[in-house]
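K.L.:
The chain contents come next:
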Amino acid sequence: MEKRVTFKGIWLPLLLVLPQLVITAVFFFYPAGQAVYQSLFIPDPFGLSMQWVGLGNFEYLLGNAYYRASFVTTAVFSVAVTVVSMGVALYLAVLADRLIKGSGVYRTLLIWPYAVAPAVAGVLWLFMFNTRVGVVTWYLGVLGYDWNHVLNGEEAMGLVVVASAWGRISYNFLFFLAGLQAIPRSVIEAAAIDGARFWTRFRTIVWPLLSPTTFFLLVVNIVYAFFETFGVIHTITGGGPQQATTILVYKVFSDGFVGQDLGSSAAQSVILLVIVGALTILQFKYIERRVHY
Amino acid sequence: MMIRNTMMVSGLAAMVSAAPAFAQTEVEFWHAFTGRLGELVANQVETFNKSQSEYVVTATHKGNYSETLNAGIAAFRAGEQPDILMVFEVGTATMMAAKGAIKPVYEVMADAGAEFDPDGFIGSVKGYYTTNDGKMLSLPFNSSTPVLWVNRDALAAADIDPDVDLSTWENVGGVLDKLKASGNACPLVTAWQSWIHLENLSAYHNVPFATKANGFGGLDTELALNGPVQVKHIQTLGDWAKDGKFIYAGRRNESGANFRSGECALFTESSAGYAGIKDEATFDFDVRPLPYWSDVEGAPQNTIIGGASLWVMAGQTDEEYKGVAEFLNFLSSPEVQAKWHQDTGYLPITQAAADLTREQGFYEKNPGTDVAVKQMTTNAPTENSKGLRLGSFDQIRGIIDEELEAVWAGDKDAQTALDSAKKRGDELLRRFEQANR
Numbered sequence: 001m002e003k004r005v006t007f008k009g010i011w012l013p014l015l016l017v018l019p020q021l022v023i024t025a026v027f028f029f030y031p032a033g034q035a036v037y038q039s040l041f042i043p044d045p046f047g048l049s050m051q052w053v054g055l056g057n058f059e060y061l062l063g064n065a066y067y068r069a070s071f072v073t074t075a076v077f078s079v080a081v082t083v084v085s086m087g088v089a090l091y092l093a094v095l096a097d098r099l100i101k102g103s104g105v106y107r108t109l110l111i112w113p114y115a116v117a118p119a120v121a122g123v124l125w126l127f128m129f130n131t132r133v134g135v136v137t138w139y140l141g142v143l144g145y146d147w148n149h150v151l152n153g154e155e156a157m158g159l160v161v162v163a164s165a166w167g168r169i170s171y172n173f174l175f176f177l178a179g180l181q182a183i184p185r186s187v188i189e190a191a192a193i194d195g196a197r198f199w200t201r202f203r204t205i206v207w208p209l210l211s212p213t214t215f216f217l218l219v220v221n222i223v224y225a226f227f228e229t230f231g232v233i234h235t236i237t238g239g240g241p242q243q244a245t246t247i248l249v250y251k252v253f254s255d256g257f258v259g260q261d262l263g264s265s266a267a268q269s270v271i272l273l274v275i276v277g278a279l280t281i282l283q284f285k286y287i288e289r290r291v292h293y
Numbered sequence: 001m002m003i004r005n006t007m008m009v010s011g012l013a014a015m016v017s018a019a020p021a022f023a024q025t026e027v028e029f030w031h032a033f034t035g036r037l038g039e040l041v042a043n044q045v046e047t048f049n050k051s052q053s054e055y056v057v058t059a060t061h062k063g064n065y066s067e068t069l070n071a072g073i074a075a076f077r078a079g080e081q082p083d084i085l086m087v088f089e090v091g092t093a094t095m096m097a098a099k100g101a102i103k104p105v106y107e108v109m110a111d112a113g114a115e116f117d118p119d120g121f122i123g124s125v126k127g128y129y130t131t132n133d134g135k136m137l138s139l140p141f142n143s144s145t146p147v148l149w150v151n152r153d154a155l156a157a158a159d160i161d162p163d164v165d166l167s168t169w170e171n172v173g174g175v176l177d178k179l180k181a182s183g184n185a186c187p188l189v190t191a192w193q194s195w196i197h198l199e200n201l202s203a204y205h206n207v208p209f210a211t212k213a214n215g216f217g218g219l220d221t222e223l224a225l226n227g228p229v230q231v232k233h234i235q236t237l238g239d240w241a242k243d244g245k246f247i248y249a250g251r252r253n254e255s256g257a258n259f260r261s262g263e264c265a266l267f268t269e270s271s272a273g274y275a276g277i278k279d280e281a282t283f284d285f286d287v288r289p290l291p292y293w294s295d296v297e298g299a300p301q302n303t304i305i306g307g308a309s310l311w312v313m314a315g316q317t318d319e320e321y322k323g324v325a326e327f328l329n330f331l332s333s334p335e336v337q338a339k340w341h342q343d344t345g346y347l348p349i350t351q352a353a354a355d356l357t358r359e360q361g362f363y364e365k366n367p368g369t370d371v372a373v374k375q376m377t378t379n380a381p382t383e384n385s386k387g388l389r390l391g392s393f394d395q396i397r398g399i400i401d402e403e404l405e406a407v408w409a410g411d412k413d414a415q416t417a418l419d420s421a422k423k424r425g426d427e428l429l430r431r432f433e434q435a436n437r
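Going down the list, the sequences are from chains A and B.
Once you know that position 65 of the first sequence is 65 in our numbering, the rest is easy, because the numbers rise by one and skip nothing.
Once you know that position 432 of the second sequence is 432 in our numbering, the rest is easy, because the numbers rise by one and skip nothing.
Keep in mind that the hints were calculated from the coordinates and are not lab data.
There is no bait here: all hints are sound.
If you want the footprint, here are the derived chain A segments under chain B, 3+ residues with CB under 8 Å:
| # | segment |
| --- | --- |
| 1 | 148–156 |
| 2 | 239–252 |
| 3 | 255–264 |
Partial selection, computed: residues in chain B whose CB lies under 8 Å from chain A:
| # | residue |
| --- | --- |
| 4 | Phe-76 |
| 5 | Thr-94 |
| 6 | Ala-98 |
| 7 | Gly-100 |
| 8 | Ala-101 |
| 9 | Asn-258 |
| 10 | Asp-394 |
| 11 | Glu-402 |
| 12 | Glu-405 |
| 13 | Trp-408 |
| 14 | Arg-431 |
On the chain B side, residues computed to face chain A include the following (Cβ under 7 Å):
| # | residue |
| --- | --- |
| 15 | Ile-73 |
| 16 | Ala-249 |
| 17 | Gln-395 |
| 18 | Ala-409 |
| 19 | Gln-434 |
Glycine included, each C-beta is placed from N, C-alpha and C at the ideal position.
Working from the sequences, and respecting the hints, build out all of it.
P.N.:
As structure tokens, then:
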């Protein structure tokens, strides 16, 4: 059924993938191997001595209630960031797709936040929600709500989720819009002639045809929430209050670069490596099956 | 980067060829100062470079305190360490434990044959960076200590005499009641809660913050911050927080903005907050000594410092160490120190610099600037008030911040929170002990 094009010989294909293999080895396998190796030791910060502890670092970590809680925090945070950023982006993209006049301006404005670096985005949101001088805090106060994310863990989580998702909405918006525009008009028009209203058309035609884009964004956004939201958390909450926003990656930084505990930091990287690997396999095995290319 | 390097190399080459018989030894100095402080450091370095022709100091900004320390560590691992590295006070134990990575200041001075009098330094400043037998490991550079900042206008607005006695926490409590009753929305704020309300509180009341003489006596130290004095103080602050008399704004010095804008009446913050407050405050303010609990025997002892010191890294040539010794001596000379003290609000590190500042009439012209100096020097430091030497202390402070936040939020009482801080902090201390065995 499927038509396959095959190449003879092994050397040419090998040569062609060699650059990629070298890059993967140098920038992925080597550092990952180092992390695995280091996770078995407790080194001093200056690299003057190292003590073999076997799986001691892992035992220490998993025996720590705060570290275990950090898994839940990470899950809540990543799911929230992904859902918020993809949901809002899809909504805006659908609106932009239907827009006839002024769509250029609308799109440009929506894409702008993507150019803001995460740490800067963090500071912007922090200013708006500053507990004493923030504009939003002040308006909330007028409405009778006392906003205090420095003491309230849920508010802190909400704030870092919004700040992390904000810049990401632009990125997702671009992809969703491109995905929507790639759907043939004729299919949608045909459905419309058959009497399908907007919601039915969206559910039965647009959403399935958009699924490759959605799946791609799902993977990319989860990776983003795991690894690249560090700047936002660092500037807004520093992982607090009471570790309410300490996600796994933030703890790697904090143990490695604040505490100079490289053994624990390396062990956490290994754990992260395993989690992300497992997540990716899961996504490709179960979710991708529902994707229509 | 590449281009800049090439330019630097060609620049150096030009300098060398211009003065072939007179090769200068370069001394590298990594620091953590930007803005005005960065300019002042650059001035010091320039003055030194002009004052002699044998050595040239190049100062490089490497980010904030944590980043500078990490840069120094990474550079050492790569064999590219600077001669002098600025390290904040909480990194002291980390540097001290790295015996092969540093060269103690007393040794640098002795080897270089430089004139060096450790007794000329102010005891409570140098104590933080000195071994129990009096050997100075790093040179104190910028040191400050917490004081109480008072918005006199806010007190007057609440019908309180602006000169009211605020020397004890009991009196402060009374004033807070009146402020609150008069409708003040921000009676008391603080910066650096762990540093001021636990570390300094302990020293000021002459009770231990950690066992083994606050860690000076060995790596097997344990936190002792859950004693009765600390619990009473934190519980009081927690009660004040519940009543809206103490407002919590964040872990660092976020609250400074609230005080400088005139919103808050009382503010516990570093003495080095002087420059900022003087610049921005449009109200009448003054500086008072940090309050103490009058029912604790031995209080007030002395407060301890925060800030940074200069560590000399191992593995450099003797020539460079001579340059380092000369530069460090230059920095601690009375003229340089007195200027630094007056420009920044940081404490002078030598008695001579403090005396010179007084002779120059600075304290008379700027009332309150000597409060911190007096608070540090009235009593000779004890085992409990010399300073802290705890590994992973930056992270332990993070833990303390978390536990204190639980108290301010009303989730935990002071005893539970401090017990938990001790338990969690001790785990990190054991890790540190193991890493540096």
